[in-house]
Amino acid sequence: MSANDGRVALEGLDTTHGAILYLEEITVMFDGFRALNKLSLDISVGELRCIIGPNGAGKTTMMDVITGKTRPTSGTAFFGQTMDLSRMTEYQIAHAGIGRKFQRPTIFEQHTVFENLELAMKTDKRVRPTLFARLSSEQHGKIAEILTLIRLNGNESRLAGLLSHGQKQWLEIGMLLMQEPQLILLDEPVAGMSDAETARTAELLNELRGKHSIMVVEHDMAFVTEIAQQGVVTVLHEGSVLAQGTMAQVQSDERVIEVYLGR
Amino acid sequence: MLRKLFLIVCLGLACKAYAGIDPALLAPLTGDDPDARVEAIVKIGALANADATRLLTALKNDALYATPDGHLYIVDDDNAYDPATGATGPLPEGLDGLMVNNRLRGAADDALSALKLFAPDRALRLAAATELQKSVTLAQAPLIEKALTAENDAEIRPMLQLVAATANLQSPDGAKRKAAVEALASSSNANLRPLLQAMQTDNPDGTHVEPDEGVRVAAAHTLAALDSRLARTEFIGNLFYGISLGSVLLLTALGLAITFGLMGIINMAHGELLMIGAYTTYMCQMGFRRFLPDALDWYLVAALPAAFIVTAAVGVALERTVIRWLYGRPLETLLATWGISLILMQSVRTIFGAQNVEVANPAWMSGGVTVLGSLVLAYNRIAIIVFAIFVVTGVWLILNKTRLGLFVRAVMQNRRMAGCVGVSTAKIDMMTFGLGSGIAGLGGVALSQLGNVGPDLGQGYIVDSFMVVVLGGVGQLAGTVIAALGLGEANKFLEPVAGAVLAKIAILIFIIIFIQKRPQGLFAMKGRSAE
Amino acid sequence: MLQVEKINQYYGSSHTLRGVSLELERGKCMALLGRNGVGKTTLLKCLMGVLPVSAGSVKLEGRDITRMAPHQRARAGIAYVPQGREIFARLTVEENLLMGLATHSGKKASTIKGEVYELFPVLKDMLHRRGGDLSGGQQQQLAIARALLAEPKLIILDEPTEGIQPSIIKDIGNVVRLLRQRGDMAILLCEQYFDFAHELADQFMVLSRGEVVASGAQATMNDPEVKRHLAV
Amino acid sequence: ADTIKVGILHSLSGTMAISETSLKDVALMTIDEINAKGGVLGKKLEAVVVDPASNWPLFAEKARGLIAQDKVSVVFGCWTSVSRKSVLPVFKELNSLLFYPVQYEGEELEKNVFYTGAAPNQQAIPAVQYLMSKEGGGAKRFVLLGTDYVYPRTTNKILRAYLKSKGVKDSDIDEVYTPFGHSDYQTIVANIKKFSAGGKTAVISTINGDSNVPFYKELGNAGLKATDVPVVAFSVGEEELRGVDTKPLLGHLAAWNYFESVKNPVNTEFIKKWKAYAVAKKLPNANTVVTNDPMEATYVGIHMWAQAVEKAKSTDTDKVIAAMAGQTFKAPSGFTLTMDPTNHHLHKPVFIGEIRPDGQFSVVWKTPGPVRANPWSPYIPGNEGKQKL
Amino acid sequence: MTHTSLFSRRAWSGIATLVVVLAALPLLNLFFADGHALHVPSYMVSLIGKFMCYALAALALDMVWGYAGILSLGHGVFFALGAYAHGMYLMRAIGRDGVYQSDLPDFMVFLDWKTYPWFWSATDSFWYCIALVVLVPGVLAFVFGFFAFRSRIKGVYFSIITQAMTYAFMLLFFRNNTGFGGNNGFTDFKRILGYSISAPGTKATLYLVTLAALAGSLVLCRWIVQSKLGRVLQAVRDSESRLMFIGYNPLWFKLFVWTLSAVLCGIAGALYVPQVGIINPSEMSPANSIEMVIWAAVGGRGTLVGPIIGAFTVNGLKSWFTGAFPNLWLFALGLIFILVTRYLPQGIAGLAARWRKEQA
Ligand SMILES: Nc1ncnc2c1ncn2[C@@H]1O[C@H](COP(=O)(O)OP(=O)(O)OP(=O)(O)O)[C@@H](O)[C@H]1O
Ligand SMILES: Nc1ncnc2c1ncn2[C@@H]1O[C@H](COP(=O)(O)OP(=O)(O)OP(=O)(O)O)[C@@H](O)[C@H]1O
Ligand SMILES: NC(N)=O
Ligand SMILES: [Mg+2]
Ligand SMILES: [Mg+2]
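Chains as they are written, first to last, in my numbering: chain A, 1 to 263; chain B, 1 to 531; chain C, 1 to 232; chain D, 1 to 389; chain E, 1 to 360.
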């Protein structure tokens, strides 16, 4: 192994076929339980895709597969045309341009808000550059901009662990933006946010639309409706795709009502 | 024990109050000439009567005394028995113990075992036959033949036949030798190897040591059979030693599996809890010696609950005063418990002294049972294996089948939430640490039966205990069990090949490599719940 | 039933709760509202005893429980569904449910009532799976089920709908409604999902920067004055 | 000052406390005894006790402290060879005196050290000679069993050379080592048993204190009796046996220059004094205290030093060293011991004792008189002509 | 926040004062005779020299434990290997002045070795041995760490295998045949680079070099932990997996600080051996490594200065207690450990921080 191993060149992403992510026949087994069952899905460049589905449908597991946290039992996952995600480690995938917000906020609790953002910032993340890193004024500006965006300015030198639940959610979104990923995965971004905050998040996502490819998992139907607009919404159930279509189509699908929305 | 044995012998060998032993035979015993003394013993043995047995037994047991003028007495408590006259009287003036060394004791042993072949008590004859297997000479052959004619016991008879055959190996008669060699094909006695091997070798002048071709071939056969049997015995022996070492590791690690594995306390004082258990055993033994000398053999039965209670109490005290301030700061428990360990060690040193104290195996745990001919399984080892099984089962039941166990596990995983559902976490913490400590105390009882009991006792086990718990996977009882047994076996199969030192090094390297393959230990928690 | 008087709480030097008072009757449901970070969770933790209060008092059925430890409060009849679920990750689902019965004794302590399985059928399927392996929403369901099993006098729910699929949110709403109707329990519901809270609550209270800025009966919840405190 | 300070450098904690603590107490007793008779040069002796805690670098530090800070005139101390090696440079640098009371492997001679324990020829070699004799059982095969460190390794090297010179073949010698603190002797005992099938076997044990109990217990339980396979130990004395159930050990041997059971007026007096001292000072287990070889060596060493100071009329190191040469002392072993004028070792008698059920030794063999030490074993090549300072 | 200066101005002046005071000690010892009011006893100087080596080891340990959250229970092995590496040179420098008057060290003569084994070749060169001081602990740490970190061994699992490592090395070095003098180790050194090792001037020089190494390492470590890399290390400590999801490979970060720490520890050992005069395998005993952890914990981990204070405090107390109350000192020391954990969760450095806060 060389020090450079796994650091996939940033420019290497090949999206000539228009899709940024392909999942094909992904199966994930946990001690005999099929969390994902031959799941196939793809996402186009610049698309904002909403994923909904019952608790335990496998949404988080799917994100785990994409980010390298869980290895699929079978099936393939490609980032662009060439990057086989199932052969890459977590940091290689992150470096290749996939960023993720977890279902439960995960931030560096012992670091300040500022440092959380600084760590996440897109830059050379090898040992030596990190050791000699100095923030340029441009980078300072970027952090300040994000701080304002997530409305934690004034809190930047507080320890992140001391934030409230909702504030942590925002910080994590901020970190994601610092990473400038090509593909953003959001696992229940508005859980625990007030309605007003939710609306702001929707706004933010609508702004990001087109600049990044985005995959959002949510149970808040109002929010999903807001951001899905006319795009495709995928419904997962028992590890595979149950239905797919616009929000309106999906919402009126009997099976979706049965297993997910309720009457 | 020995006295009882001696009485039986007396009764057995027709108690026709003999006039005593000829003083001329006795005289050399008090003298300075070692050869004469040995000769006297052989002669006395040849008398083959009750007095001879009594005298030789006394000699073996250091019960033989002499007055300065060379008169011999057998001293039994406060009585002096005169073997020359058969009279018993008070202790004469200036009595001094007869100097007996191994050579004399050995000679007495030989003489006695030949005599015991004719004892009516089956156990005695069995012991004698076993003893004779170790060393038998051609000269004893007639005696053994004689014993054989009278022997009907199904177990002793074949043994005696083997003994006779062994004796006959040196017979000048080729046919006898051949018969002997063939008879020995079913023996498992390792002492035969050199004799049989010698039959295969050549003299310096090129002639065969064993002139008879037939005997040589038979000897080669017997040797091969013996070797394969010995190899099997050795394998089974290693297996047993491994289980035995494994159960010791397990008993020492089990308490730690609770205080460290479950509670997350890097308990450097664990070793000292073992030590306190061992000292409690010592105190029980002293108590029995003082107040219940007749039941001394059962002091262990009292020591088990006592050790559990004492160490658990110490554990509870520690938990209440020190540990409870440290939950959620696991690394700091290392510092505090290290301090505790220093204090406990020095306390014991101040109270009991820096030296080891004596803890004796009860009689029923001394010695061992011989299986497969030559493999001795020590009783104390067997007892500890059984004990380990009991303790593990107990702990498993408590943790998995009781409400207490459920609360313990819940508190250890999420103390705050356990409180919110109504569990008194302080109480559970105290009980859990007490339980872990108490079990360490039980481990200490076991250790006291194997090794020394001193203030440093725990230091020798702390590193191994941590390795076992971690190798098994922290918080995994089953892992601890498997790891302990695995390390025990690995150690015992490596040791004959590599020696104790290299075996130990190899085991450590093995642990390092094994953890590479299983970074969460043997029984790793998988999935999301592990995070 | 529950009387909270002027409680104050500090995290170090930051004053998180400022003289919060509330009163809640048996059989009633109160919705606790407020923006992110205003101190809702902190208030609930103070009620449960997980955090100490620096001033003020908490009474349950007239009994002062201000200085009681959480387990004593649980035994006094409070059950708590915390934000972030806090299930016992390495206990099985069944064991997690049994933990809900920790305040009971005897046979009652070992029988999980079938009701919870009716409410959350998924738990029945996953009885022997470890709690930590469940999906986020499943864990939330487990946490609620655990609290219900305790048969409390007061149940405190901190954002119980977070991460739960719409159909089950409806079910949870039904349960809360049912519990309220049964009338033997007081419910304190902290919720971001306004419509849900609006539908279930008899009364409400809005916090802002640790202070009660609005409170009243359900009917006034939709007032613009109230909504103003919830807007960004 | 109106006192003469003497340093006592024995571990009172850590692994060596087991053995060294009683040496500190004996030293204090001896100093009391000398003071009761008026002290040395008309001054009282004042003991400075420190605890080097079984930590070798701490030994060096403490030695330096005693000499440089406390200005002691002499130090009595150390047990393990490595502790002695660690303090040696300090004594040389500061030109002070150390009295070392324990049997050791030899291969050393230092101007600043007096060795009052045994050199290999005063313990190991006679023991093996005895085992090979008819009285000792006429052993033909030998298991050299020790803890893996320098003293056993060196002793065994010397013994192997010695045995070879007596015609014992390499295949009849088995050398086995165990790590410090080893407590599982199952395999080793089984191997000894196997080895002993090949002819009359004796075990020569240089096992370090702590491992002895498990070893003997295993031996007893495996049914290997002293009459079958005698074990002679060089590190097991009365003090060690206090912590052992001696029933299964009956008849096993130890070789020393002193046993408590030796009968003579000096020894009786010595034992009496020690027992009284233990009671008076409320030492732990005061009613069961015993004496042993290193304790005697400590006692002898302190007295000899006091005599030498009287003779030199000074505590000056060089003058005392000169005065030490040829000092004699009537020792509890029953012999008058002499400090060799050239090699700083005592001439000592050698006893071989068999373990009795009461934890004492009955002497089965002894040298007619004191033996001169050979710190440089002649069985190690290149040692010829190195017997003097 | 982003830190622009290494230390605050006050800290700088504090450190500078301390360095000057410490540097003055051996000079006072040299230039004022015994009995003079300003004389510092040489016992004192050698004691502080030794403590500084311990302090350097504690500082090294704090880098991995306090910052990256990697608890090593095996740092004794790096310390000892550094010491052995330097010790080889010191043994060679004895020349023919050993007891056997041979070119080989005494223990080799004794083992009948006729030539140096391969791993002793070229050790007569001082600079080669100094290179070994850095290389041996460094390479061992790198290889060990590479495999362990690559396998994602963490927490107690890592701690325990480091303990296994040091234990294994201890047993290995105990063996006479390994070629490092068995349990007697190396001792009885005579000279270093031609200067007598017991000469006051040599001692003062060694002392000053140690002081320089300690002060230099402190500044270096401070610089590292204040860099972004320092913050990454702390992130490794708090949430390694999160760090991976934002694109850092923790392996190299851990390996960097782990190896650096081992090297510093090796240097501490190398400076220790000529001042103490002995190196033997018991330095690799698990208990010794745990003691290093104790120093860091008492002083306050994650503070750099704390472990230095801790090493001085614990060892100072130990030196004092073992002389002043030889029978009771373990009670006192044990109690101090307990009280520190109970009342000073951040160690002594934490006390200082608290005090400063209260002042403000
Ligand atoms: N390690 C595991 N072991 C066993 N089962 C698991 C494991 N991890 C996940 N599961 C199961 O896999 C299924 C899918 O879980 P996942 O977290 O992907 O669901 P989800 O769609 O994200 O649900 P939610 O909306 O509640 O977050 C669930 O039933 C869960 O219980
Ligand atoms: N342990 C703590 N130490 C210091 N401050 C804290 C701590 N926990 C929370 N806070 C702060 O206290 C305030 C109230 O937090 P709390 O969690 O009660 O908010 P909340 O109203 O529940 O918010 P949300 O809707 O996001 O859950 C927040 O500003 C938060 O940053
Ligand atoms: N010198 C000894 N016994 O180590
Ligand atoms: Mg999910
Ligand atoms: Mg909240």
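None of these hints come from the bench; they were simulated from the model. All residues carry an ideal CB built from backbone N, CA and C; glycine is no exception. Mixed in with the good hints there might be a few duds.
Result set (DMTMM-like, lysine to aspartate or glutamate): computed pairs, CA atoms no more than 20 Å apart in a straight line [said to hold, decoys possible]:
1. D/247 <-> B/155
2. B/526 <-> C/195
3. D/194 <-> B/234
4. E/114 <-> D/135
5. D/263 <-> B/76
6. C/107 <-> C/95
7. B/401 <-> C/115
8. C/170 <-> A/253
Where chain A lies over chain E, by a calculated footprint (3+ residues, C-beta under 8 Å) [as the list claims (entries may be wrong)]:
9. 224-238
10. 246-255
Quick list of simulated restraints, FRET-style, between CB atoms [unchecked claim]:
11. B/396 <-> E/14: 28 to 38 Å
12. D/140 <-> B/204: 11 to 21 Å
13. B/396 <-> A/32: 45 to 55 Å
14. C/10 <-> A/263: 44 to 54 Å
15. C/19 <-> A/252: 45 to 55 Å
16. D/140 <-> B/121: 41 to 51 Å
17. A/87 <-> E/10: 19 to 29 Å
18. D/368 <-> B/204: 48 to 58 Å
19. A/87 <-> C/69: 28 to 38 Å
20. A/210 <-> C/94: 26 to 36 Å
| task | Kindly indicate which numbered hints from before are broken by the structure, ordering the numbers from low to high. | result | Those not satisfied are hints 1, 2, 4, 5, 7, 11, 13, 16, 17, 18, 19, 20.
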